[in-house]
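J.: Chains A and B, in that order, are what the protein sequence lines are. Numbering follows this note's numbering, in which position 42 of the first sequence is assigned residue number 42; successive positions increment by one, without gaps. Numbering follows this note's numbering, in which position 55 of the second sequence is assigned residue number 55; successive positions increment by one, without gaps.
In short, the hints are calculated from the structure, not lab data. Bear in mind that the values here come from a model prediction, so they are computed numbers and not experimental data. For glycine and all other residues, C-beta sits at the position ideal for the given N, C-alpha and C. Each hint can be trusted.
Keeping only pairs whose Cα atoms sit at most 30 Å apart, straight-line, the calculated DSS-like set for lysine-lysine is:
id, chain 1, residue 1, chain 2, residue 2
1, B, K75, B, K28
2, A, K74, A, K32
3, A, K286, B, K59
4, B, K2, B, K28
5, B, K2, A, K286
6, B, K75, A, K286
7, B, K59, B, K28
8, B, K2, B, K59
9, B, K75, B, K2
Stretch-level coverage of chain B by chain A, calculated; a stretch enters the list once three of its residues show a Cβ under 8 Å from a Cβ in chain A:
id, stretch
10, 114-124
11, 127-135
From chain B, some residues computed to sit far from chain A (all C-beta separations above 10 Å):
id, residue
12, M1
13, V11
14, L22
15, G34
16, A54
17, I64
18, S65
19, R84
20, S85
21, F86
22, H111
23, S141
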Amino acid sequence: MLRQLPAGVATLEGPELRYSFVNDQMLELVGKEPLGQRVADQPGQLPAYFLEVLPRLYAAGEDYTAQACTCGSKHCYDLSVQPYHDEQGVVAGLLLLAVDVSEQEAARQRAHELALTTRHLDARLRVLTETAPLITYTTDAGGKVIYVSPQWYRFTGQPPTADLTAIWPLLVHPEDRLRVLFESEAGRRTGTGWNFEYRLRRYDGAYRWMLSRSLPETHPPEAPVFWHGALTEVHQERELSEARRRGEAELRFLADSIPELVWTASAEGLVDYYNHYTLEYTGLTKEELGPTGWVGLLQADEQAAAARRWVQSVASGTEFEGEYRMRRHDGVYRWHTIRARQLSDGSGPRWFGTCSDIEEQYRLRQVLQTQYDELSRAHHNLDTFVYAASHDLRQPTNNLRGLFEELRRSVTFADAEQALMLQMVDTALSQLDATLVDLATTVRTQRQLQEPVEVLDLALVLEEILLGLRPEIMQRGARMEVLVSEAPGLRYSRANLRSVVHNLVSNALKFSHPVRPPHIVLRSYLTADDQPVLEVRDNGLGMHIDNPAHPVFQLFARQHTHVDGTGVGLYLVQRIVTSQGGHVTVNSTLSEGTTFTVYWTIPAI
Amino acid sequence: MKHIVYLSRAVHPLTDFDLQTLLDQSRKDNARNGITGILFYSHGNIAQLFEGEAEVADKLFGRISQDGRHSHVRKLIDRPIAARSFSEWSMAFHPLAAESFEALQGFLLPHHVPPTPATLPTADALLVELVRLAVFGPDPSQPYQTTVPTF
Ligand SMILES: Cc1cc2nc3c(=O)[nH]c(=O)nc-3n(C[C@H](O)[C@H](O)[C@H](O)COP(=O)(O)O)c2cc1C
Numbered sequence: 001m002l003r004q005l006p007a008g009v010a011t012l013e014g015p016e017l018r019y020s021f022v023n024d025q026m027l028e029l030v031g032k033e034p035l036g037q038r039v040a041d042q043p044g045q046l047p048a049y050f051l052e053v054l055p056r057l058y059a060a061g062e063d064y065t066a067q068a069c070t071c072g073s074k075h076c077y078d079l080s081v082q083p084y085h086d087e088q089g090v091v092a093g094l095l096l097l098a099v100d101v102s103e104q105e106a107a108r109q110r111a112h113e114l115a116l117t118t119r120h121l122d123a124r125l126r127v128l129t130e131t132a133p134l135i136t137y138t139t140d141a142g143g144k145v146i147y148v149s150p151q152w153y154r155f156t157g158q159p160p161t162a163d164l165t166a167i168w169p170l171l172v173h174p175e176d177r178l179r180v181l182f183e184s185e186a187g188r189r190t191g192t193g194w195n196f197e198y199r200l201r202r203y204d205g206a207y208r209w210m211l212s213r214s215l216p217e218t219h220p221p222e223a224p225v226f227w228h229g230a231l232t233e234v235h236q237e238r239e240l241s242e243a244r245r246r247g248e249a250e251l252r253f254l255a256d257s258i259p260e261l262v263w264t265a266s267a268e269g270l271v272d273y274y275n276h277y278t279l280e281y282t283g284l285t286k287e288e289l290g291p292t293g294w295v296g297l298l299q300a301d302e303q304a305a306a307a308r309r310w311v312q313s314v315a316s317g318t319e320f321e322g323e324y325r326m327r328r329h330d331g332v333y334r335w336h337t338i339r340a341r342q343l344s345d346g347s348g349p350r351w352f353g354t355c356s357d358i359e360e361q362y363r364l365r366q367v368l369q370t371q372y373d374e375l376s377r378a379h380h381n382l383d384t385f386v387y388a389a390s391h392d393l394r395q396p397t398n399n400l401r402g403l404f405e406e407l408r409r410s411v412t413f414a415d416a417e418q419a420l421m422l423q424m425v426d427t428a429l430s431q432l433d434a435t436l437v438d439l440a441t442t443v444r445t446q447r448q449l450q451e452p453v454e455v456l457d458l459a460l461v462l463e464e465i466l467l468g469l470r471p472e473i474m475q476r477g478a479r480m481e482v483l484v485s486e487a488p489g490l491r492y493s494r495a496n497l498r499s500v501v502h503n504l505v506s507n508a509l510k511f512s513h514p515v516r517p518p519h520i521v522l523r524s525y526l527t528a529d530d531q532p533v534l535e536v537r538d539n540g541l542g543m544h545i546d547n548p549a550h551p552v553f554q555l556f557a558r559q560h561t562h563v564d565g566t567g568v569g570l571y572l573v574q575r576i577v578t579s580q581g582g583h584v585t586v587n588s589t590l591s592e593g594t595t596f597t598v599y600w601t602i603p604a605i
Numbered sequence: 001m002k003h004i005v006y007l008s009r010a011v012h013p014l015t016d017f018d019l020q021t022l023l024d025q026s027r028k029d030n031a032r033n034g035i036t037g038i039l040f041y042s043h044g045n046i047a048q049l050f051e052g053e054a055e056v057a058d059k060l061f062g063r064i065s066q067d068g069r070h071s072h073v074r075k076l077i078d079r080p081i082a083a084r085s086f087s088e089w090s091m092a093f094h095p096l097a098a099e100s101f102e103a104l105q106g107f108l109l110p111h112h113v114p115p116t117p118a119t120l121p122t123a124d125a126l127l128v129e130l131v132r133l134a135v136f137g138p139d140p141s142q143p144y145q146t147t148v149p150t151f
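Next up, chain B with everything else stripped away, as it sits in the complex (with noise of 0.2 Å):
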């Protein structure tokens, strides 16, 4: 078992159907995989966390730097674990339309996210918890207009 952190940049503000897409089609795969973890996206800001089997985990990295959706995917995390720290996968984001949302499974609202789980070691979690802020700032019940910086 594995995880691997990454940050990116959406190549064009996603719309609330685009996020759906991402949603539906990466649900269905990641519990046919095995891949549980979460996925923060504000304005074009992208961040992931995903864990599962070593090749399945270094499979799907290779499928989503290729992604054409995205660009400037930095890995800062790719290391072994013992166990898992998320019993799903699910996505956070500020959709438009908020109401269409709230029933899907997978689908968190940035400030309904759960704590960051303490299964973590205190490192990771933090690296969870500052990608977070990248991508939602602050305030995260506020949708958050900053860029993450790309180099």
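In isolation and in its complexed conformation, chain A is listed as follows (with noise of 0.2 Å):
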């Protein structure tokens, strides 16, 4: 029957304490084949200070119990002891009772930590509700609150005694009230949480916004009993939003009240907000013009351009700005500016954009562009009429000086007086007919400084020049020498480089030195720069000149009065040179000679 039993059993014979009985049970306690060891020998599994006391209580025939002792590292057990006694009634050893306790041992310990752990949390979760910066709260289905964390005392100002759930409605400010309540309660009835805001009344009076969420305990299957949330501040958010959303909404506002086109785009150039106006004025929705669909509205024939243009200042990020025809919701297109700049801060890229309407200017730039072609008709018309003028008046003149001729010829003066008279008759005549010619060349420079532009060798054109001037050449018997090798060609108009050449050549003959016959220069070079030079040089009477470096030549303007000559030739070379951007130099010694250096520039082609 001992063999049977759900514990180990054992007896320990004599005071040597051998053992004489062990079932299978124990077996696993104190290890195989102990029959006759002795326990001190064998002790198997049992505790060391167990093993001490065994001694003691065969001596003192006493009982002994011991829970819960930990036998090797797995198993746990009750172990008992009781002495038996022979027939006289003599100690005769010790029964031996063990009972596996490891499970029971094992679930107490469970229990145990469960029991620091749950303690742990519930420290740490009052610590925390505690400390957080907001407040906790607790209640029931019938909305009776709970608990509420120590905060909401420190906020509100409440007495620990305050009874919750009838004074924290009143703290709610009363327009948020009605409304919280609702909500709570909805929240409530539904098994769900709620999320809302609203103003709390603060212990100093003054409402704050509060944000409240709040979800149920749940069980399933059971309804929710508790609803726990919690309390958060959020009036500085919200004032912060109330005054974006607010800046937003005067923006829009103002955006809208302008009569003009407005809209923004996105960092990748799609627009995402047109203004009123912009509406009013195609007559399309913000859904019809989409994010590109303003590029539809121009002029087909420039909506290729300004969709590249687009392209690139959102590629590059720079400001776009063009010229562009818009159409009206009739139809009717209208030039606008279109402008757009990139706005980059802290919430990444935008663009603004704006199409101011510029019809009116447009109009008015066209009135004066009409305006001006009328007037430079008319110049040309007055150049025409002075030309004509000059041509027809000379052969007047001509005539004039014919008859003088003749009437010199035929009629004799008593008067040497009178003779002179003619002769300065005669002077005169030249003088008005050399005027007259010169009116007419002054007129056709002007025309001539729109003349074709060509490469000219300097070779060929100079010696045509020299031969136009022969006859004069010829009287006076002047040296003429040409240096083009330098520089033998020039990109110039054939007609502007004749003038200026005649001009000087002849300038320099007429101006001889009366001593000796002239001797002129015409070198061709190249400065450092690559620019292209015309050096006349003379040896005739020199000239005074304020400002070598920038001489200036004025119309009619003479030096030499006993010369022949109207002062047009100078001012003629002066005005075509600086009028294709070159420039002419004077360089000159009384009675000795002048240098005349005109640089052309090259016109650009």
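Build the complex: two chains, separate frames, hints provided.
T.: Below, the structure written as structure tokens:
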């Protein structure tokens, strides 16, 4: 019977406590084949302190129980010892009973640990709920406030004795109260939670915006009984976002009030806002316009270029600006300046654009252009008139000269003074003729300023010009020298080159020195900067120059009044050269000679 | 017929394998459904234009916008069209191993994308140019790192 007990049983016999009976269960505790061994020699898993008490129990004949003794690494036993006696009633041995309580012990241990953990959790929860910068609360299904964390008392200034359920609705801003009561009630009724903002009165009487969130504690399938939640102050955030909302709304309002097309676009250049006027002007909705619809409003042949410009602006972040015709809702195109700039701030780049109607300015510009064209036509006509008039006047002048010549030959004057007068009339007539010629030339030069440009062979052109001046050259016995090998070609208008050279050479011939025959050198070369230059040097009378590097030649200004001339030549030279971007300098020494240096600027192609 | 343009962000950067899978799957399905167009991908930025019969295109957009491979799908345009501008469906991106993609049908390197078809209205062509710029940056021959803002 002892063998079947659900416990370990052994008897230890005699003062030496030798194993005399061991059941199977006990074998697990004390090890194999213990019979006859002393327990001290084969203790198996029995703990040391237990072995120590056994001899004393035998001697004293006492009972002993040890609960939950750890035996070995895995097991735990309740051990009890009872002496047994022989027929004489003398202690003959000890009966050892071992009940395995490992599982109960483990369970007890677990329960203990659980209790510890719960205590930790509890403590942590309390510390957290009481220190976190938010108020926590619990209500039941009936809306009774079961718990609020101490922060609530600090915030509201209410005494710890306050009746929470009764007082809290009174601390909610009157404008928010009904809504809050309704929403929390609805949250409880439907078994869900809530999430809303309201103003709560602080200890100092100021109302502060709070965010209240709550969720039910659920243990399905039962309906929730408690709602736990948190209250956070969101006053500043709310005021900030309120301010931003207001700012944005004001900006929109402003943009919508302007009678101008205003729009904004994302960093990628996709329009995300068109102001009210844009929709009014185009007669399209925001959806119809879409993120790039504006380009479709431009005149068809300008769309592709405008689209390209916009892509470029978006890629490089540079300003967009251009003048385009934009279609109005009635199909009329009006000129607009489209401008867009990128704003980069914390929230990433954005584009702000406007389209300003410049139809009126455009019209005005066109009117001005028409007037300008008319004026320049009138100017041209005037030129033609002067030219024609000077031309037409030359004929009668020549006739007059001929008549006077005839008169002088056929009539004899008694008075020498009269002959002199006749001479003076003749001189005056030739001057009149020269003036008419120069007037015609001036007008002609004005027109030549727009002459076509070509590459000229200087040797050829200069020879041609000198050929035209042959009578004067022969008459004065002038020696001409042409040096063009350094720069034989020149891109210039043929007519202009002719005018310049003709004037300079005839000037040099005209103002030759009375005591020596003229020697005139024409030299073409390049400056260090590759600018082509023509130098015309003479050994004539020379002249007074105020500023040789920037000489000023006035129309009809003459230096040598004893020499024939109208003073038009140098003025023309300077006019032609500077109008093509070049300039003229003069070096002159009185009665030694003059050098004109013409810096041609190659006209742009 | 209609066309749809959208921008989106890949949830994870797509690998060569992901891209090839998408290319194979979409090309096959698109050919069957009569969908043509082009998709741009670079560093998680996605933009696509596709055109087809209205119901087919709407259904496809529904599927694409539910696809877990990307998010922040932003439809930019959804408009009826008179005729197609694209003859097939292709995908342009920078694979890590470009050589193994070169021969693939429907694959394009971003800088080999043909110019926007002239049959698109200028506004839509401009839209395609802008999303291409947003995905590939100013120089499509170089991988582009900037992410398209999502909002
Ligand atoms: C960026 C992106 C683009 C896609 N483009 C297409 C497309 O053009 N055609 C297509 O059939 N599927 C496309 N898909 C795949 C679809 O979202 C979807 O996976 C596919 O149509 C199969 O859908 P199903 O599994 O519901 O049949 C795309 C997916 C992603 C993430």
